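The primary structure of each chain is shown beneath.
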Amino acid sequence: MAFIDIEDLEVTFEGSGRQVRALKGVSLAVGEEESFGIVGESGSGKSTVLRALCGLAPVTGGRISIAGEPVQTPRDPAFYRRVQMVFQDPYASLHPRHTVDRVLSEPLAIHGFDHAEHRVEQALEDVGLGSGFRFRYPHQLSGGQRQRVAIARALILEPKVILLDEPTSALDASIQAEVLNLLDRLRAERGLTYVLVSHDLAVVSHMCDRLVVMQGGEVVEQLTREALQAHATTEDYTRNLLTASEGFTRDPAVQR
Amino acid sequence: MSPLLSVENLRIAFPSRQGPVEVVRGVSFSLGRERLGIVGESGSGKSQTGRAILGLTPVSGTATADRLEFDGVDLRNASTRQWRKLRGARMSMVMQDPKFSLNPVMTIGRQLMEAVKLHGGKSEAHDKSIAMLEAVQIRDPERVMAAYPHELSGGMGQRAMIAMMLVTEPDLLIADEPTSALDVTVQIEVLRILDRLVTERGMGLIFISHDLRLVSTFCDRVLVMYAGRVVEELDARRMNEATHPYTRGLLNCLPTITGDSRPLPVLARDDAWLE
Chain A
1 MAFIDIEDLE VTFEGSGRQV RALKGVSLAV GEEESFGIVG ESGSGKSTVL RALCGLAPVT
61 GGRISIAGEP VQTPRDPAFY RRVQMVFQDP YASLHPRHTV DRVLSEPLAI HGFDHAEHRV
121 EQALEDVGLG SGFRFRYPHQ LSGGQRQRVA IARALILEPK VILLDEPTSA LDASIQAEVL
181 NLLDRLRAER GLTYVLVSHD LAVVSHMCDR LVVMQGGEVV EQLTREALQA HATTEDYTRN
241 LLTASEGFTR DPAVQR
Chain B
257 MSPLLSVENL RIAFPSRQGP VEVVRGVSFS LGRERLGIVG ESGSGKSQTG RAILGLTPVS
317 GTATADRLEF DGVDLRNAST RQWRKLRGAR MSMVMQDPKF SLNPVMTIGR QLMEAVKLHG
377 GKSEAHDKSI AMLEAVQIRD PERVMAAYPH ELSGGMGQRA MIAMMLVTEP DLLIADEPTS
437 ALDVTVQIEV LRILDRLVTE RGMGLIFISH DLRLVSTFCD RVLVMYAGRV VEELDARRMN
497 EATHPYTRGL LNCLPTITGD SRPLPVLARD DAWLE
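Residue numbers (the numbering used here), protein chains in the order written: chain A, 1 to 256; chain B, 257 to 531.
Think of the hints as simulated: they come from the structure by calculation, not from any bench.
Source: prediction; values computed, not measured.
Possibly wrong hints are sitting among the right ones.
Said to hold, decoys possible - Some chain B residues close to chain A (C-beta under 7 Å, calculated; not the full set):
#1 Val440
#2 Thr441
#3 His466
#4 Arg469
#5 Leu470
#6 Phe474
#7 Asp476
#8 Thr512
#9 Leu520
#10 Leu523
Claimed, not checked - The following residues of chain B were derived to be distant from chain A, with all beta-carbon distances above 12 Å:
#11 Ser272
#12 Glu278
#13 Thr363
#14 Leu374
#15 Ser379
#16 Ala437
#17 Tyr502
For each residue, glycine too, the CB sits at the ideal point set by N, CA and C.
Modelling step: build the complete structure from the supplied sequences, incorporating the hints.
Listed below in C-alpha cells is the structure:
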C-alpha cells in the first residue's frame, strides 16, 4: 500500500457556463520517504494535482488517501500537520505586512504547539537563516531568503509530506542550487516525503527517484530517474520535453 | 564595416538614501549584425543596460556613457523627435511578459497595425500585420488579430509581441528575457522564430537572459555580467573554456538530467569580482 494513493482523480472548474476538466482521471502512488516528481507544460494539470491533494481545488471524482486513510473534505487540522505545501512564488506567498516571526508563529498557534519561541528559532536555523532574520518583513529579504522562510513555515508543523509547487522557478540559477541542496538535506534528515512539481526536467531528475509526465490533465508516462537519464521513454511528448530541455538547436534548414 | 551599435563606458545610477547607487558600472561592447547574449543574475544590471540603449532608463535614474552610438546616431543627446524615428522603426524591444507589456484593452490587430501606421504604410497595415503573424508561426492570424491579449496563451501572446516589434523591420532587436515566462517546448519554438528572422533579415539581436545554458546554445557571443560589470566575454561555442570563477560557478550550479552530483556545487561569491 502506497503512502499517498491517488486514484482516478478528477478536478473540474466551472465558470461562466463553461466547464474545464483540469484533471481527467489521474492515478499516482507515492511511497513513504520517496521523492516523487510531476513534470508537464503549463495547463497540463500538474499544479492542480497538488492543489487537489491539499484541498485547494474542487475535486469532482476519484479518491485520495494518505497512509491508508481517505482524506476528509474539508481537510481537518490533523491533515495539515501531516501535509504542507511550498508555493511557486515567494513574493506572493508570504504576507507582506507580517514579519517572519509572525509568519512562523501563526501555524504554531493554530495547531496549539508548545515552545513556540524555541520552535521559530529552530526552524530559521534549519533553513540556514539564523535568528537575525526573525523580525524582518518579506520585502527586506531576497527571493532565495523568502523561499527559505516559506520552507521554514511548511516545516514548522513537523509534517511528513511536503508538496513543492515549482519551488525554484522564480529564483536565479545560483540560488536555485542552494534551495535544492537545502531541500535535499532536510529530506535526508527528517525522512520527508516530497511531491515536486516542475517544468524543468533537470530539476526533477536531480531531486526525484520517480516521476510522471502529464499532458492535458492526464498522466502520459511514468518513469524512473534512470530511465529518464537513459532517454528510455516511449512517449513522443516526453522525448520532445527532453530535447527541448537540452537547449536550442539550430534548425538545419536555416543554418546553411 | 562599422558596428551597428557601440557602447563605451555605460554607467547607470539611481539615487538612494545613502547617495547614488551605480547599477551599471562601465559596460562597453559593440554589436554587428549578430546574436549577442547578455547573461547575469537578478540585479546584475543586464536589463538596465538593454533599456538604456533604447533611452528607457527610468526617470529617477541617470545613464551616462563615453559613447552610445547606433548606426552613426549619437543616442546620448538624441532629441524626442530623433528617438521617435528610431524606436520601433529601427530598434525595438521584446519584453519578458506579454501579460504586462501588451495593452489589455486593445485587440492584438489594433496594436499591431498601430505600429505599422506610425512608421508609414497605412494602406497595407492590415496585410503586413497578417503576414507578420504568419511569420511568427501563428496558424490562425485573423482570429488572433481580433483577440484581446487575455484571450491568448502565454506563448501566443509572446509571439504576437515579437510580431509587433518586428513588423517595422528594425535593424536592432533587444529581447529582454523573451522566453522566461514560457514552457520549454514553446521556448524553443519562439527562439527558432527569432533565429530565422535574425538570419533572414540581417538584424542585430541583443538577447538578455539569466539562463546561461540556453544563451550559450542560441547566441554567437556572450557577455557575462556581475554587479553592473561585464566580467567575461565569450564565444558562445567556447563556453566550456570560461575562465572567470563566476561564469564557471553559474555553469556548474545547474542540475543536469544526466549528471548526478549532490549536493549541487553552490556559487561562492568573491568580493574581488566587484572590482
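Cross-check of the supplied hints:
1. Val440: holds, 4 Å
2. Thr441: Holds - the Cβ of B:Thr441 comes within 7 Å of chain A, reaching about 5 Å at its closest.
3. His466: holds, 6 Å
4. Arg469: With Cβ-Cβ at 6 Å, under 7 Å, it holds.
5. Leu470: With a closest approach of 6 Å, the B:Leu470 hint holds.
6. Phe474: Result: holds, 4 Å to nearest chain A Cβ.
7. Asp476: violated, 11 Å
8. Thr512: This hint holds: B:Thr512 lies near chain A, its Cβ roughly 6 Å from the closest one there, short of 7 Å.
9. Leu520: holds, 4 Å
10. Leu523: holds, 4 Å
11. Ser272: holds, 15 Å
12. Glu278: B:Glu278 clear of chain A: closest Cβ-Cβ about 19 Å, beyond 12 Å.
13. Thr363: Holds: least Cβ distance 20 Å, greater than 12 Å.
14. Leu374: holds, 30 Å
15. Ser379: Nearest chain A Cβ is 32 Å from B:Ser379, so the label holds.
16. Ala437: Non-interface label on B:Ala437 violated, nearest chain A Cβ at 9 Å vs cutoff 12 Å.
17. Tyr502: The claim breaks: B:Tyr502 does not keep its Cβ more than 12 Å from every Cβ of chain A (closest is about 9 Å).
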